[in-house]
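Protein chains in written order, with our numbering: chain A, 2 to 288; chain B, 8 to 461; chain C, 399 to 710.
By construction, these hints were calculated from the structure, which means they are not laboratory data. C-beta: ideal position from N, C-alpha, C; glycine also. Hints should not be assumed to be uniformly reliable.
[To be verified] A few chain C residues that face chain B, going by a derived Cβ cut-off under 10 Å, partial list only: (1) 442; (2) 446; (3) 449; (4) 470; (5) 531; (6) 542; (7) 544; (8) 548; (9) 549; (10) 554; (11) 594; (12) 598; (13) 608; (14) 609; (15) 670; (16) 673.
[What the hints assert, rightly or not] Covered by chain B, per the in silico footprint, the following chain C stretches (three or more residues, Cβ under 8 Å): (17) 473–484; (18) 627–636.
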Amino acid sequence: MTTDSRGVSRFHSISFRRRMSRLIALVLLIVFSIVFAIPFLWMILTSLKSLEEVYQRTVLPQSLHFENYLLALTQIPFLRYTWNTIVITVLCVLGTVVSSSMVAYSMSKVKWRGKKYLFPIIVGTMMIPYQVTLIPLYMIWNKLGLIGTIAPLVVPAFFGGPYYIFLLRQFFKTIPDSLLEAATIDGAGELRVFLQIMIPLCKPALASVAIFTFLGTWSDFMGPMLYLNSQDSYTLSIGLQAFLQQHYVQWGILMAASAIFTIPIIILFFFAQKYFIEGITVTGMKA
Amino acid sequence: MKKLVKKLLALGLAGATICGVLASCSPGADTSSSDSGSGAAQASQDAGGAQGGDGAQTAEKKKVVLWHLWTGAEAGYVDEAVAAYNAQSDLYEVEAVSTPDSQKIMVAIQAGTGPDITDDFTNNIGSYASKGIMMPLDDKIAEVGADLSDFVPSTLEACRYEGKLYALPVGMNLMALFYNKDLLAEAGYTEPPKTMEELYQMAVDTTKVNDDGTIDVLGFPDFPSVYYMDNFAAALGGGWYDENGKPASPDNEGNLMALQYAVKYREQFGVDNVAKFGSAGKYLDPTDPFLAGKETFRVDGNWLGQNIKELFKVDVNYGCTFLPYPEGREDLAGRGIASSSMYYIPSNAKEPDGAFDFLLYIAGPEGTMIQSVSRGGFPSLLSQFDSEEFKKSYDSDVFTALAESPNLFALPNVPQSTEYATICNEEVELALNLKQTPEQALQNIYERGSALFE
Amino acid sequence: MAQKKPPVRGKKRNSHTAAGILFALPWIIGFLAFSLYPIVMSVYYSLTDFNMFQAPKFVGLENYTALFQDEKFYKSLWNTMYMTVLGTPLSLLVGLLMALLLNQKVRGMPFFRTLFYLPSVVPLVASSMLWLWILNPQYGLLNQMLQKLGLYQPNWLTDPDFTKPALLIMGVWGVGGIMIIFLAALQDVPRSLYEAAEIDGAGTLKKFVHITLPGISPVIFFQLIMGVINNFQYFTQAYLMIGSSTGGGLNVVSGGAENSLLFYALYLYQNAFNLFKMGKASAMAWILFLIVALVTFVIFKTQDRWVSYGDD
Numbered sequence: 002m003t004t005d006s007r008g009v010s011r012f013h014s015i016s017f018r019r020r021m022s023r024l025i026a027l028v029l030l031i032v033f034s035i036v037f038a039i040p041f042l043w044m045i046l047t048s049l050k051s052l053e054e055v056y057q058r059t060v061l062p063q064s065l066h067f068e069n070y071l072l073a074l075t076q077i078p079f080l081r082y083t084w085n086t087i088v089i090t091v092l093c094v095l096g097t098v099v100s101s102s103m104v105a106y107s108m109s110k111v112k113w114r115g116k117k118y119l120f121p122i123i124v125g126t127m128m129i130p131y132q133v134t135l136i137p138l139y140m141i142w143n144k145l146g147l148i149g150t151i152a153p154l155v156v157p158a159f160f161g162g163p164y165y166i167f168l169l170r171q172f173f174k175t176i177p178d179s180l181l182e183a184a185t186i187d188g189a190g191e192l193r194v195f196l197q198i199m200i201p202l203c204k205p206a207l208a209s210v211a212i213f214t215f216l217g218t219w220s221d222f223m224g225p226m227l228y229l230n231s232q233d234s235y236t237l238s239i240g241l242q243a244f245l246q247q248h249y250v251q252w253g254i255l256m257a258a259s260a261i262f263t264i265p266i267i268i269l270f271f272f273a274q275k276y277f278i279e280g281i282t283v284t285g286m287k288a
Numbered sequence: 008m009k010k011l012v013k014k015l016l017a018l019g020l021a022g023a024t025i026c027g028v029l030a031s032c033s034p035g036a037d038t039s040s041s042d043s044g045s046g047a048a049q050a051s052q053d054a055g056g057a058q059g060g061d062g063a064q065t066a067e068k069k070k071v072v073l074w075h076l077w078t079g080a081e082a083g084y085v086d087e088a089v090a091a092y093n094a095q096s097d098l099y100e101v102e103a104v105s106t107p108d109s110q111k112i113m114v115a116i117q118a119g120t121g122p123d124i125t126d127d128f129t130n131n132i133g134s135y136a137s138k139g140i141m142m143p144l145d146d147k148i149a150e151v152g153a154d155l156s157d158f159v160p161s162t163l164e165a166c167r168y169e170g171k172l173y174a175l176p177v178g179m180n181l182m183a184l185f186y187n188k189d190l191l192a193e194a195g196y197t198e199p200p201k202t203m204e205e206l207y208q209m210a211v212d213t214t215k216v217n218d219d220g221t222i223d224v225l226g227f228p229d230f231p232s233v234y235y236m237d238n239f240a241a242a243l244g245g246g247w248y249d250e251n252g253k254p255a256s257p258d259n260e261g262n263l264m265a266l267q268y269a270v271k272y273r274e275q276f277g278v279d280n281v282a283k284f285g286s287a288g289k290y291l292d293p294t295d296p297f298l299a300g301k302e303t304f305r306v307d308g309n310w311l312g313q314n315i316k317e318l319f320k321v322d323v324n325y326g327c328t329f330l331p332y333p334e335g336r337e338d339l340a341g342r343g344i345a346s347s348s349m350y351y352i353p354s355n356a357k358e359p360d361g362a363f364d365f366l367l368y369i370a371g372p373e374g375t376m377i378q379s380v381s382r383g384g385f386p387s388l389l390s391q392f393d394s395e396e397f398k399k400s401y402d403s404d405v406f407t408a409l410a411e412s413p414n415l416f417a418l419p420n421v422p423q424s425t426e427y428a429t430i431c432n433e434e435v436e437l438a439l440n441l442k443q444t445p446e447q448a449l450q451n452i453y454e455r456g457s458a459l460f461e
Numbered sequence: 399m400a401q402k403k404p405p406v407r408g409k410k411r412n413s414h415t416a417a418g419i420l421f422a423l424p425w426i427i428g429f430l431a432f433s434l435y436p437i438v439m440s441v442y443y444s445l446t447d448f449n450m451f452q453a454p455k456f457v458g459l460e461n462y463t464a465l466f467q468d469e470k471f472y473k474s475l476w477n478t479m480y481m482t483v484l485g486t487p488l489s490l491l492v493g494l495l496m497a498l499l500l501n502q503k504v505r506g507m508p509f510f511r512t513l514f515y516l517p518s519v520v521p522l523v524a525s526s527m528l529w530l531w532i533l534n535p536q537y538g539l540l541n542q543m544l545q546k547l548g549l550y551q552p553n554w555l556t557d558p559d560f561t562k563p564a565l566l567i568m569g570v571w572g573v574g575g576i577m578i579i580f581l582a583a584l585q586d587v588p589r590s591l592y593e594a595a596e597i598d599g600a601g602t603l604k605k606f607v608h609i610t611l612p613g614i615s616p617v618i619f620f621q622l623i624m625g626v627i628n629n630f631q632y633f634t635q636a637y638l639m640i641g642s643s644t645g646g647g648l649n650v651v652s653g654g655a656e657n658s659l660l661f662y663a664l665y666l667y668q669n670a671f672n673l674f675k676m677g678k679a680s681a682m683a684w685i686l687f688l689i690v691a692l693v694t695f696v697i698f699k700t701q702d703r704w705v706s707y708g709d710d
């Protein structure tokens, strides 16, 4: 029990400690999950209540009013709004991911002098409150005759978003130069380095860019409200306003509509989140 | 290198193609007005259930674009009125678009891409008209010989700026005193107060305090506080403007009295407790204290009864009467502010004649009946006071008497109205939170207001 | 040899410049087409008296000098500083902790990740009602809990000392985005470094300080800069909270209880779209720009000391 069992007990204690820390992590995860799930659960619970019940400050619905969902789906042209929202969102995600990663590559791994001057401007554009550039920007779209179309909502996405460029640049910069140089010696051009090394290595970052763009576009109210001029082209976030009337709010139906509004984002997130843990190829390539 | 350039070019081209396709096939494009127009008209017909003209007839009519701030069911009422208009007009076809964002409407109007006609509230008329946003209507009215004598005079007055008429009212907003009969009865009162002094006594007697000092039943009409000050000041003979449309004197007795009583109540029951009670409830919402039977008095509009009985279906035993006057000043009974929702034509409307034709309809007996009066709204037309629909609405007797009161007045329309109202709110709030005396508040309002009106 | 090298270098640099421009081209085109003109115009507006509807009248620096005498300008600047200085570190800290927790190897992680992100997904119109319910001074969950603990129960919605802390508390639920970026960054820290440290017998804390933190420092740097830029433009939550606590639909231009929620961007918005003082709003925008640019510049200057981009 002296010499050779010491190794065994040390082994045991390590695995015990690991198990303990895992248990603590699990408990913390569950506690925080509940805390973070409150807004969503509350939305679902409220969506099943009648208006009188919302009024009574109870937590659980006494009877389940699933008809709120039916009402939410029928009071506004849900299908049309959903389709409009999908079209805009998909194009914005596509445009943002492609263009922002290109620009971010130029701002991080391409060796050229211009990036020193360009990058501060990119970051700087985010510091100007949109409220004061909104009118001249609207004038540009008006000159182009594109007010009332989805162009002002999706075309800018294809020119790179400063926030995403900055984010991706930070990720790209952590990729060791040695990795890229090896590829350059192989005779690969910048485009191949970009497509075959940078993009696969930065999947978690690209996934987060896609998620953020999706969420941002999906729930954007101001953009569609400002540029779309006919009810046929409205999006879901404008549609939600139908349940917020001036002197009273149909809480149950509003929450049901909000729940339906939210579900695509949750599904997308659930399936996309595996990419957040899939970026560990750096070490693999180094070895 | 060449390869790279080519590939990038290809990528750029692909992007450009996508953009191009998008721009051309996007729905509801501004330029393809005819088909998007009929689409919306179709939608509004579906919503309203009314039958418009047939397709061939629609194509010949000139399109008039209406943007309104309403949403949901209330937007449906507008759609119904629009459908009814379209059915009877041979010249114009109105396309209604629910646009619940006034910022968008303003941005579009300044760019010249706005609607032919839109709606707002009369308190913005000074600001809008002074900037040339609105088209004056006097010439057009003279041209068609429209008769405006049916409009309630104070509502029409609320649509004027510097002597010119810029809008027509649809419905009227009037404020009265609502009271909880049960709470008054518990304290031994059978009649509502007539004077401010009586009201205060009843407010104190009906207030119920919890063990920790917080308030269970609020006696004084402190909630919502934004409603209290403006309307009580007016009822007690005051107001934020003098007869020249300039800031009222800091010695104005009505203003001082209104503020002093509110402060007195807060001092008596604890400013924190009253404030907590105020933010515990949200106006016309499940948590609204008056709906929960936790507020004795309430300044509110002609829509409150409808909300209580039809929307929230709450069992509150309430009554409705004029706001109080100071003791010995019966001559001030029925004093109050009239404001309205209104429709106006932007000065750069592309189809002003059609917009005006529709304006006369929507503000006229048929339009207001469909959009407002038959939904419990308060009429802006004298002829509708006798209508069946209006008599069915809640508290119509009190509000009719109020509408006919000689003491009813419209706020002057001045360009600075929004900013001045903000100043008044800020200073009153500080006084209500006991951070300054009522006298100081009125003095500050006068000084800041005068600087603004210079 | 020495003579041959320079032209090669030169050629190489040229090709890099071309590649650099080509890759940056989308942004350059977008900037020239959609940003440059609005930026120039807003500078011009800031030198004019402009109400959006009538032609701007040139007034020189009058808007700027008037702002320096405007009490509400300073008030809004103070409120904004408060949110930036307290809100930025708070959300970074919470976001990082949540990301570390989600980076554990525990079963069912996809569900936990999704649950943690949920508050960021719920539409603001829905969640703002929940928050009014939680923060309700008399019936709210938070004050009920404080009461049970025997603590002071503040008036979260109308006491000017507590409205901003209430927004900070709400902000904690919105760290989903920050958390995800950290989570992505944690994946990029090479496993081999941890394995090497474990062989050396390094503890959890030591590994965190010496491997994790430097590894994700580029992303911390990003979050810090963006936190500053975004908090200086703090707007939406305050706008919604004011709208719902003053009894929405009352058409009041308000900065919350005693203007305690009058943030810089909100005051700017009110000037632009409620009062139609586009000149004043533009001047405000450019003062803000200078402040944020200065702060960002200082943070960028510290970069070399604590941000590590690997072997760059």
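Tested hints:
Against a cut-off of 10 Å between C-beta atoms, the interface hint on residue 442 of chain C is violated, since the closest Cβ of chain B lies about 16 Å away. Annotation: residue 446 of chain C was flagged as interfacial toward chain B, and the flag is violated, the nearest CB pair being 15 Å apart, outside 10 Å. Hint status for residue 449 of chain C relative to chain B: holds, with the closest Cβ pair at about 5 Å, below 10 Å. With a least beta-carbon distance of about 9 Å to chain B, the hint placing residue 470 of chain C at the interface is held under the 10 Å criterion.
Hint status for residue 531 of chain C: holds, given a least beta-carbon distance of 8 Å to chain B, under 10 Å. Look at residue 542 of chain C: its Cβ only gets to about 12 Å from chain B, farther than 10 Å, so that hint breaks. Violation of the interface hint for residue 544 of chain C is found here, the shortest Cβ-Cβ separation to chain B being roughly 12 Å, above the 10 Å cut-off. Interface hint status for residue 548 of chain C: violated, as the beta-carbon distance to the closest one in chain B is roughly 12 Å, over 10 Å.
A hinted interface residue such as residue 549 of chain C counts as satisfied when its beta carbon comes closer than 10 Å to some beta carbon of chain B; here the least separation is about 13 Å, so the hint is violated. Restraint check, residue 554 of chain C versus chain B: the minimum CB separation of about 8 Å is within 10 Å; hint holds. With a least beta-carbon distance of about 38 Å to chain B, the hint placing residue 594 of chain C at the interface is violated under the 10 Å criterion. About 44 Å separates the beta-carbon of residue 598 of chain C from the nearest beta-carbon of chain B, more than 10 Å, and the hint is not met.
The criterion of a C-beta within 10 Å of any C-beta in chain B is not met by residue 608 of chain C, whose closest approach is roughly 40 Å, and the hint is violated. At about 37 Å, the closest approach between the beta carbon of residue 609 of chain C and any beta carbon in chain B exceeds 10 Å, and the interface hint on this residue is violated. Taking 10 Å as the C-beta contact cut-off toward chain B, the hint placing residue 670 of chain C at the interface holds, the least distance being around 9 Å. Look at residue 673 of chain C: its Cβ gets to within about 6 Å of chain B, closer than 10 Å, so that hint holds up.
As drawn, the region 473–484 of chain C meets chain B at 0 residues by the rule of a beta-carbon pair under 8 Å; below three, the given contact is violated. Only when three residues or more bring their CB closer than 8 Å to a CB of chain B does the claim for the region 627–636 of chain C stand; here the count is 0, and the claim is violated.
When each numbered hint is compared with the structure, violations occur for hints 1, 2, 6, 7, 8, 9, 11, 12, 13, 14, 17 and 18.
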